[in-house]
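Q: If you want the building blocks of each chain, they are given just below.
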Amino acid sequence: MSFDYEAIGLKCGIEIHQQLDTSKLFCNCPSIVSEGKPDFMVERELRAVAGETGRKDVAALHEEMKQKHFIYEVFNESACLIDLDEEPPRNMNEDSLEIVLKVASVLDAKIVDEIQVMRKTVIDGSNTTGFQRTALVARNGKIETSKGKVNIPTISIEEESARIISQDADSVRYGLDRLGIPLIEIGTAAEIKDPEHCKETAEKLGMILRSVGGVKRGLGTIRQDINISIRKGARIELKGAQDLKLIPKYVEFECLRQINLLGIKDELKGASIIEEKTDVTKLLETSSSKVIQKALSSNGVVLALKLPGFKGFIGKEIQPGRRLGTEFSDYAKVRAGVHGLFHSDELPNYGITQEETDLMHNSLGLSLNDAFILVADSEDKASRALDAVIERARLCFIEIPKEVRKANDDGTSSYMRPLPGAARLYPETDVLPIKANLKEKFEIEMIDEKAKRFADSYKISFDLASMIAKGNFDFDGLVKKFAEVNPAFIAGFLVSIPKDLKRRHNVDVDSLKFADEVLGKLNNQDIPKQAIPEILLELASGKNIDYSKYGVDTSQAEMIVEEVVSKNKGASFQALMGIAMKELRGKLDGKKVAELVMKFMA
Amino acid sequence: MECKPGDLVEVKTEDENIIGILMPRPEILDPNILVIKLDNGYNIGIDKSKIKSITLKEPYERHETHKRQLKHNPSLPNVTIISTGGTISSKLDYRTGGVYADYTAEDFVEMLPELENIANLKAKSIMHIMSEDMCYEHWKAIAEAAAEELNNGADGVIITQGTDTLHFSTAAVSFFLPNLSKPVVFTAAQRSIDRGSTDAFMNLICAVHAAAKSGIAEVMTCMHASMDDESCVLIRGTKVRKMHTSRRDAFRAINDIPIAKVHKNGKIEYLHKNFRPKTNEIVESDTKFEEKVALITVYPGMDPEIIDFYLDKGYKGIVLAATALGHVPVNGKHSLLDKLERARQMEIPVVIATQTLYGRVNPHVYTNLRKLSVGRGCIFVEDMLPETAYLKLGFVLGHEKGIEAAKKMMLQNLHGEMTERSEANEL
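Chains as they are written, first to last, in the numbering used here: chain V, 1 to 602; chain S, 603 to 1029.
Honestly, the hints are just simulated from the structure, not real lab data. Here a beta-carbon is modelled for each residue, glycine too, at the ideal position from N, C-alpha and C. Check the hints yourself; a few may be wrong.
[To be verified] Short, incomplete list of chain S residues facing chain V, as computed with Cβ under 7 Å: (1) P633; (2) I635; (3) G643; (4) N645; (5) I646; (6) I648; (7) D649; (8) D796; (9) R797; (10) S799; (11) F803; (12) M829; (13) D830; (14) D831; (15) S848; (16) R849.
With the rest of the complex left out, here is chain S:
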């Protein structure tokens, strides 16, 4: 009889009988091992070649868990949690040995009952996707779902997703919600939600406070301010970047300071006033976007033909994450100048942002920079992050055609993606 994961089985090997629960085996691991959970809770792997027989002792019955209904309290603000997947909504996945997305907003409330005292929560799961797999269609769906919720009674919206590309999503959604009038708060988890130490708990609590009570009508992230479970920071969606592979406080405001700090007790501490205030305006989404935009990292020894590759594939815009002030190779066999000239001839805008992330590009300070700006018409985008520039260029080319029109819009500050002055903030 075929035994399924979860069944209680007896495994007879050459020298012993082992009774335990048959566990699923991740597909990418050695298929010749059978994993059994012993009654002491430990799992052990048994070499299948030593197994003489496996008999079913008791089939597994899945217990349906009842999700509790979220209550409505008219005196509290309304917040919708839109979940998209990622570590914050992940459970163990026995197929890959990793984690998979399975949590919904009701699960968050189940886990954090105090959320119900902050706001009336509504749950909306619009996709189950890991953030590395996200692209335009997902950002579009998020922006549209957020607008719909805000126009239907939500005082604020929370979006949960994986952390890796969170800053791409926040930048995209910033551009897609041009006349935003209420908080759109992205939150996530760096530690999976199946462990007692997950950062998701405080991130979510602070995000609900921010969405329910803050007067900030911006797209922003709400993640740990430090390694302590003390407070989160709200960072503008166009100025935020994941700066560490794994720390809780990986998300940093680059060339900017956070808009506010949210303490876990709900206190919101505003750090400056440079944000749009909350109003009751209708929120419209504008998701016209050119997907054929490339983000290319510049490095010494790079092959200039990478530019040809994109031009030949019909790309409509290129962002170069250039070195420091905006340099790319301009002499010798790695020079990009001919390729950039070709792009200009084709009316393909080339945008220069910096791979140092911190600091501002400058189109004029060195001759080699002038070769790009004056000589090839490249668009230097101040202190805009390369990822933000990539999404902005997609958005701009969804609305404008040609280098000049693109340049004009790229250099127009739409959602705080550039600053006027370089303040000496901490790195």
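The following block holds chain V by itself, in its conformation from the complex:
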């Protein structure tokens, strides 16, 4: 399946969020992940408050409606009173800001004259304050892609949110270690032309970030949000796409979803919603449905909602494996924390029999063209869940709702919350505005260009050169400093030897740390290169090294070789080499041994 994206009016842009490798943005905590048993926990609640304009934000109200409380796990090593919203923030971390300024410079963006820190209302608990601090650093940048220029209207710096550890119907548990880690956010204009182009743009931006450096690496440290809409559709913010390979799928499936929802809207003309909830607990008391039995065993109820004319539509697939009913059920789940929602298009199933389905139809006074929704839970929750379904069902006739959706691992997406309005941002008055600029335009060599240059000028394989370029090494400097050592060996020293040691001995060796010591000795021919893996192993274990056991001085070596030659008169060069190497392996370079053997043979 593929669309003519121009014809359907695709508008697509991405926002890249990349963690920066500095201390936290508004406190001096290190940006580290904490594991194990937290030092203590704090329990909080959040409420929607009116913003600058005097209105409560729609997304904030939505979160308030869920009536959850939040538990924060705190490790003293990674969170402080600022993260706990118990102390005012410090001014913005200068190291993080500098990285963002450099990225802005590479993207040819204009840095704002004075950066204003803002508060973005977020009351899902992921920020202890009820807002996320964010600041627009630069505007109007651009990158070149194979399908033309893509503008970058905004480059911002912001705080990372707290990490969800677990959640249930009433509470969400967060870890505060991640809260406050600096993020650079790069937002493109809605100029991305198609799914593949979206991936390419994301890749390019990722490459730039890694090339500038100072960014965190590894799973979860970079996330893409994708904004997608089609003509007559609605803007959707798809959150948390981590896998680049899935990006084209996300775009394609969202287009598909919107096309299908628009189709439903056109066909749904005769349908309606009866906005009352019918208690059908009595009728389903003996049902063998586990969900219903579970709800009833804890004094719950089964409520039904009548949807005349909806038959067939609720079960209609709008994304692979997802139906309109899935959207309804997402709303109910998110808004009321209920899990037991059934719609008539999927019945009989899940332990609800044909007889029970017919009984529902009859007792609700529905005809064959009509549909119904059942929710089993506590009365309050079931009622709130049906309110959410009513709200979503109403929109089927009117428009596709603007939503923030979660990017699922199969390329589909699920409803998270309504798209926030502009009332979300108000000034962070606890910190000063910042005048910042780079002294001069920041130039970088992209990782791919750098790899090519290393391969060409140092005559090393492209693979090895790429690994060196991606790492954080001053390779040019090392090559220059240790001029007697083959650049390919230095590259191997930095990447292949540690990899090999990890594989063979399961030891992590940061060879760069020992580069001066070990490569220096190699450069002076004090040690043979064969001994280096062993030396690194010893160094990594923290031992003091007796280098003399790895090297022999020339006179000693001469004596050994002379003895070998004299004891084995008439032996071939190969044979003599073999015996001599037995004595000198790891102590003297093979080439040197060969020279000596030749010398004494003559």
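We have chain V already, so just place chain S on it with the hints.
A: Just chain S now, kept in the frame of chain V:
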């Protein structure tokens, strides 16, 4: 044309046109920056020297917000919320970049609709002042307003103010309402009320519960018991102190334990019975007060002439926040002894409280303490907080003259400001 904050404007600079809302600029920040809110919600600062022109696109119209009327339910108790300003009633202030006081009691109800189910609320805003600017006239106004409300049908009163000097106000109002018969509950916020996480929400809910339903006829604070949004503690107004610059649970009972815990669901858990029970007596305010009382921190190397300064300015009483058991320098060039003698000659009472806050002063245990107590007639005020001692001395000197009379009243326990026994409470 002159553009005002809030107007939609177009700013032309050397290299771009920016459309957005003109924002107010705090006066203390660089005046050469113009702040614009872009349509994506972000504010940016533009260097004014780069601006070629600013044109008005759409003038700002202020929308009047309708405050809803508070309803009356005859089966519920009546509580008056007296607001005075502070973080709990603060909104953003674009003049200083900080927050300013603008909330009234109706706003609290707007924000916390459940308050209406706890009590019939009445709102009274008597001043808009940050707590660091408070002094006698404000404490007097608060005490008088509280008495008036309690005598006019309120079952309890809540006072909202800034946190910084909250413990000064509670001590002052404790002395100013000598025959209090109903709860007077001070509450406040450590986090501004414009954020979803503000502690004001639970503090207010618990304060309304305490004012409406508790049987405690004391002046007390109602603030977070811990960093959790779980419960508040009611602490006696003469024994409470702000012990942290910013935490929600900054307010602690010193040399005492809280009177009760108020859970956010309204449950009141009494921790002891040492409080005056609620009655229907008329509440009278007695705000006679001597303002010329100084609170001086004692420290090594201090200049003894600081005492002269106050004596020369006509001060009528001095509280020394002395070190630990009540010491001040008594030997060498920093000795205060001569100055204290001068005070005694002038019949100016000098009160000794401790800057350790925790623990009790002792007039006799060391020779150097006896030099102050026996030798100079200083009044050692047991485990009374220095701030409480300061307000009590002002109150005492509003009623009595001379060292002996002052001493007698200072050592009389009026509102639980001293304890008889030092229990081993948690610090």
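Q: Output the numbers, in ascending order, of every earlier hint that fails for this structure.
A: Number 1 only.
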